[in-house]
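Engineer: Sequence:
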Amino acid sequence: MNNKKILYFNNYISKINKDEIQRKELMDLIKKVVNSIRKEKVL
Numbered sequence: 001m002n003n004k005k006i007l008y009f010n011n012y013i014s015k016i017n018k019d020e021i022q023r024k025e026l027m028d029l030i031k032k033v034v035n036s037i038r039k040e041k042v043l
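Quick note on numbering: the sequence shown equals residues 1 to 43 in the UniProt record's numbering.
Mixed in with the good hints, there may be bad ones.
[What the hints assert, rightly or not] No farther apart than 27 angstroms at their CA atoms in a straight line, the calculated lysine-lysine pairs in the DSSO-like style are these:
1) K4 / K41
2) K31 / K15
3) K15 / K5
4) K24 / K4
5) K4 / K15
6) K39 / K15
7) K39 / K5
8) K41 / K31
9) K4 / K31
10) K24 / K5
11) K41 / K5
Keep in mind the hints are simulated off the structure, nothing from the lab.
Using the sequences and the hints, build the whole thing.
Structural biologist: Here is the structure:
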């Protein structure tokens, strides 16, 4: 996992803490992150 992705994820988490985002949006984000990790590792 490269630093850009980690930064993106951390920024998103802090946004969640401030904004109270909806569960669906969070699940979508998690899916995107997991998918990009899978692509990098070529699982």
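Engineer: Each hint should be assessed against the structure and marked as holding or not.
Structural biologist: Evaluation of the provided hints:
1. K4 / K41: At roughly 16 angstroms apart (the allowed maximum being 27 angstroms), K41 and K4 satisfy the hint.
2. K31 / K15: holds, 17 angstroms
3. K15 / K5: Within the cut-off at roughly 15 angstroms; holds.
4. K24 / K4: holds, 23 angstroms
5. K4 / K15: holds, 16 angstroms
6. K39 / K15: Holds: K39 and K15 sit about 26 angstroms apart, inside 27 angstroms.
7. K39 / K5: holds, 13 angstroms
8. K41 / K31: holds, 15 angstroms
9. K4 / K31: holds, 17 angstroms
10. K24 / K5: Satisfied, since the Cα-Cα distance of roughly 20 angstroms is no more than 27 angstroms.
11. K41 / K5: holds, 14 angstroms
Comparing the model with each earlier hint shows no violations; every hint is respected.
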